[in-house]
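Peer 1: Just so you know, the protein sequences line up as chains S and P, in that order.
When you read off a place in the first sequence, starting at 1, and then add 160, the result is the number in our numbering.
When you read off a place in the second sequence, starting at 1, and then add 557, the result is the number in our numbering.
Calculated directly from the structure, the hints in this document are not laboratory data.
We treat Cβ as the ideally placed atom computed from N, Cα and C, and that holds for glycine.
One thing to keep in mind: the hints can contain errors.
[What the hints assert, rightly or not] Chain P is faced by these chain S residues, among others (derived, beta-carbon under 10 Å): (1) E301; (2) G356; (3) Q359; (4) T486; (5) V491; (6) N618.
[Stated by the list, open to error] Pulled from the structure, derived: some chain P residues nowhere near chain S, Cβ distances all over 12 Å: (7) G613; (8) D744; (9) K757; (10) E776; (11) S802; (12) R824.
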Amino acid sequence: MDTLNLLLDGMANALTPENLAFAAIGVLLGTFVGVLPGIGPAMAVALLLPITYGLEPTQSFILFAGIYYGGMYGGSTTSILLNTPGESASVMTAIEGNKMAKKGRAAQALATAAIGSFVAGTIGTLLVAFLTPWLAEIAVEIGAASYFAIMLLSLVLVTAVLGSSKLRGFIGLFIGLTIGLVGLDLSTGQARLTGGILQLADGVDIVVVAVGIFAIGEALWIAAHLRRQPIDVIPVGRPFMSRDDWARSWKPWLRGTALGFPFGALPAGGAETPTFLSYVLERRLSRKKEEFGHGAIEGVAGPEAANNASAAGMFVPLLALGLPVTATAAVLLAAMRTYGIVPGPTLMTDQPELVWTLLASLLIGNTLLLVINLPLAPMWAKLLQIPRPQLYAGILFFASLGAYAVNQSAFDVALLLVFGAVGFAVRRFGIPILPLILGVIIGPLMETKMREALDLSNGDISGLFNEPLAIAIYVLLAIILIAPPVIQRVRGAPLVPRELDEQETRR
Amino acid sequence: MRLVVALLLVTSVVSTAACGVTRGDDSRDILMIIPNSPGGGYDQTGRAAVDVMEEGDITGGSFTVDNVIGAGGAAAMTEVVGEAGDEHTMMMVGLGVVGSTYSFASTYAVLDGTPLAQLMSEPEVILVPADSPYETIEQFVADWKADPGSLAIGGGSSPGGPDHLFPMQLAAEVGIDPNDVNYVSYDGGGPLTSALLGAKIDAGFSGPAEFIGQVEDGELRVLAVSGEERSPQETFADFPTLIESGIDLAFLNWRGVLAPPEISEERRAQLIGYLEEMHESEAWQEQLATYGWIDDFKTGDEFTAFIEEQDDRVSGTLEELGLI
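Here chain P stands alone, though its shape is the one from the complex (with noise of 0.2 Å):
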């Protein structure tokens, strides 16, 4: 009996995380499909972007959130193609789930939904250990162009996401060939900063989330910041772009929100407004300010546009290498 208990009570909470609501046409409930695992940035900004929906009570209905993990985010993809139609869908989208479209070699591509909003963008950081030689990105820069091989860089995604792309793009910007790259692809940004900290790498290409412990304690080194401008985090606040650097490139990671294909012009432009009333509260500002995101809110064909331009850099890079 006690076992049947049991039974019952993990089957229901499995079966209400696995699947959504039944949702009728005339619902205001939407389900929220996050392409990768708990934890991950994609989790974080799809989590934050719903609570801030629920709490303010924006399209008067409830989320459902689903972590849809699988090939980078190509099987998320796939799932939401198949949903075409389905008014009451949105997905997480951003940088790696294009790469992964490409590196997976999905059916789908990311432009085969539809496009509601950009949410945020991050730049990326280059990281060395505490005791390398480099002081700044000029001294590392010289001694890549003259030995591309010998230095050893980190990234936390496979080929093809964020972390790979970055330094491709680095090195075909300061004229080293990327094939001549040598990349280590590591499990995500725990396994990269023991890698740093072990003084196995000699730099790190990644996101600045998960280094602020290690880069406060003076246990890492930034040497760039790839945005723009200067990180709004206060802990890379202090270091310089790329740009400020002489080196003209700027790569920003960014994660948005589309919609299954086909659905109506009205739908679409009622769920960018509910973005939209989102990204003007005062909640979505706190959470941007949390993470040190980059308010960089883009909707519809802005967002639309900005995605076919991200596709074909992200194509060229992958191209060059060889990897499609």
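Looking at chain S on its own, in the form it has when it is part of the complex (with noise of 0.2 Å):
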């Protein structure tokens, strides 16, 4: 009760109308910075940072929070209507999003995605105001073993949307793992994949790869098409969400927020993990798989949701630990000591008045993005009614903009059109496109967590399994793999888990 007596009085501290002029014009311009591909929330939160300094502290970090959550959300705009996502944890959105925009139902892709984002931002920003101090205990126990297996899970799940060839399905895994190889070696400094050029040792920035072959693939293969096939008009469609859609968005958001927002209170977590694990969760729970890889809605909420959960999962271990999980969190934190707050375990106890008024904050911030996104989300949908020619001539020059703006280099342009070939390639050759992205997402990431989890135990083997909760996913895992094949020969008669799975969700 005390918890919610403090955040009530933050409330009462944030609501002030400054304040939420402050949270207006931070959502606005994290909306803006979002929905430009490249210009991430933190680029705009340490621009923005010399501007502050003449506000008090509460005003400064209402207007970041802003910035902060109306960034993830903004992302999901591009990757929706342009199939050009503004930042990693919204390459999985565009993969849904952008079909059910060719079909028409851009404004449910959008108002799905804002209102998934509301209930994961609020959801989530509540339970870092009730569950900090003892989540984030928690969270620091949890290590590059466990993290391993869970990446080694999610890699098995891939599988399941390699699509109807498994053959092409794994050259695209391949392709998408061998891109994510590229780049100094963690331990060592070796360069591998990188030809000598210096540029690529960094490796591969995910969204130039992503935009390249979402964006600039599909542009190319629709050049090489116009000619000869008839220009289908994208129909206007409704321009709110039906009740069938509600129907089957409520369960993806909450399922999303559950799995992004320990994701953000993870320290090593970011948000591109959940966004994935919840579009294969989607994807095998939903009631029509058919849907999927044509556009189905569930695709859209629960990546959504598990991205926006996740951004205020970060918060925990920033609050309780002054542990900066993501680049944004870096800058906040960099803001806090600037006004002489030094996050850690005693910030909530020190000045509980800052961190109730931050919270609340986040909690206006979210609801004045639903505010302003939902009515916006119809006349987004519109700017798809461009003729074919002019809209994608539209997207090269978003897309490059956006390639360039991520570390404002030319030669990511270029890397650009290098991956925009690779995706008209794969597009040639009937290569599934969402194993390759996943391969470039979950390749690197496994091979870190790796990589620490073997350096930790000096090389030994035993390394990857010292944690309970590695040991209880990779005890997941063979039943996973083993149990449907035992099952179906005891039983004799093939299982369905089709039903199971209907019963399951319908309760």
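Grab the two chains, each in its own frame, and use the hints to assemble them into the complex.
Peer 2: What follows is the structure, encoded as structure tokens:
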């Protein structure tokens, strides 16, 4: 009850007209930087840092929190409309979201993303308020071994999305994993697959890969077929979500939140892993599996919620341990220091007013985000009415701008075109894009964690099994792999997991 | 229409962020290149220096700050060398950039630029979790010597960076073959802190800035600081230096300012003059105190000689490890 009172006090502090204005500015600004690929919320906060020196700490944190949530949401807009994810956490949104947009359901995709973000952000912020000290203690216990086990589990789950041809699916996956290998080796500093090019030493930015393969690849593909195919006009569609859309969205929102929040709270979490876990999970649980790959609303609702829940979860290690998990958190931490605030275990007791006002302003920012963006969804959707040549020209421009903005280097634009060519080639040869992009995301994460776990045990294989959570996940993994064939043999009849799933989700 | 306005707005924000103002030869404006991401050590130092110079109107012009991210600073180094002769550009350098020019096999070394001044230095600290068996650096070193591979040493930088060089030089100093050191590289101070708090590693080597909260709360313990003298920062002032503990090693991370190659001697002197004026201002002394940096200011040829010495030391360590 105490916590609730503190939160309400914080709400009272944050709800001054002036603070609300800062929240609104932050949310709008955040949405803008999120919409532009390449400029992430971290950059925006860093650029604004000097401006806020004149403000009260509370006001600048409200502003930053707005930018943070706004940016997380804004990234989904371009993913859905233009197939151009603005940051790595919205890559998964593009896969189903853009397909929905092409079927005239852009407004629904944007709406389910906005409401999902709101639901996840709100639940996430409340969890931060109530569970932070307790969660922070557990989170640091989870180390590289468990994380590697989670990545291994996700790699096994990826095989479920390989598509109709397993061979082509694996080719896609391995192309992705290979792209993920580019860069300096983590512990020895040896250059891998860089061809002596200095700019490749840091590896390839996932935004550049995704935008190249999704947006440029598709633009090239469309251009190559424009003359031979009749131009099918994208239907206008209904502006709002139907009852069926709601029914199909709310469970993915909650499941996405449940997946995303712990990863945000985990000091090594990040937002990419929960988004693709959520996608794979929704694909498995969906009653309309056949719609996946052709614009299933669950595939937008889940990952978007996971993305925002993880964004909220980030405040757990930041406030309780003074640990910046993401680039944005690192900038926030720097900002806190300039105000003489030292985040850490004692922050919540030393400066409760600031912390609770911050949390309350997160809730307010999140609500404003919904209020501002939901009515805009049908308007954004009209963008797709632009005739195709102009639309794709715009996408090409936008994608190049985004790739340039990531590191402000012309090299990335060249790289973007290379991946555009790869994107065209995989479409030509019928190699599915999803396993490819998952390979790019999972590969480096998995390698980092495996190397870390093995380094810690000085190369001993036991380093991969020395955490209870890791062992639990391996057991789960074994069950997933072994159980279906065994049950089938024992029963002598094919198992019907489809119906089991349905019954469970109905409850 | 709304979209067009939004696009224009965003593009204008980006373009102001991305490129500086057009600088004529008579302009007094200066571009400051930060070789790393916003919020990091280079960014803090560079922006602090720029703020002091702008507030005090030392150059008579304005500054544009640009983060050139990539290859641990080697990307920025390439850019600055590419700007040869440009008298309106500066770049932050430091120990990490020196290391990166080797570990990223960069074409250019730091000394390909024109050294202007060192602005500050900062000791590293050796940290252990609160429940670690080690209370003193002597105990730690004794165990480390007995079986170097059994202790996992964490640092917030990749091979070649300060947090990697420090344990390697310490190992060499106390008679451990650096090749036997079990170094685990973390992606910055955040992940390193969580590894320490979760006791995943036996000791962490890092700059002090990111650990103030944990050290004050007693969640992490400092075994030693690496400076010649004790840390100027209140939180760390009570901890012994390595030298006090009988280990003859001082290891300082430092950051300074570089100009592109081939600028005129007069302009170099003028730029150094600006930095000297900044250094003497009260505002800069306040910045030093805020961040807990050591006032370690060198200019011109003295700074050049210092970089040469650092360059030798870094390449020596990396060669011994077989990393270059």
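Peer 1: Now tell me, hint by hint, if it's right for this structure.
Peer 2: Comparing the hints with the structure gives:
| no. | hint | verdict |
| --- | --- | --- |
| 1 | E301 | 5 Å, holds |
| 2 | G356 | 8 Å, holds |
| 3 | Q359 | 6 Å, holds |
| 4 | T486 | 9 Å, holds |
| 5 | V491 | 4 Å, holds |
| 6 | N618 | 5 Å, holds |
| 7 | G613 | 16 Å, holds |
| 8 | D744 | 8 Å, violated |
| 9 | K757 | 5 Å, violated |
| 10 | E776 | 6 Å, violated |
| 11 | S802 | 26 Å, holds |
| 12 | R824 | 26 Å, holds |
Comparing the model with each numbered hint stated earlier shows that hints 8, 9, 10 do not hold.
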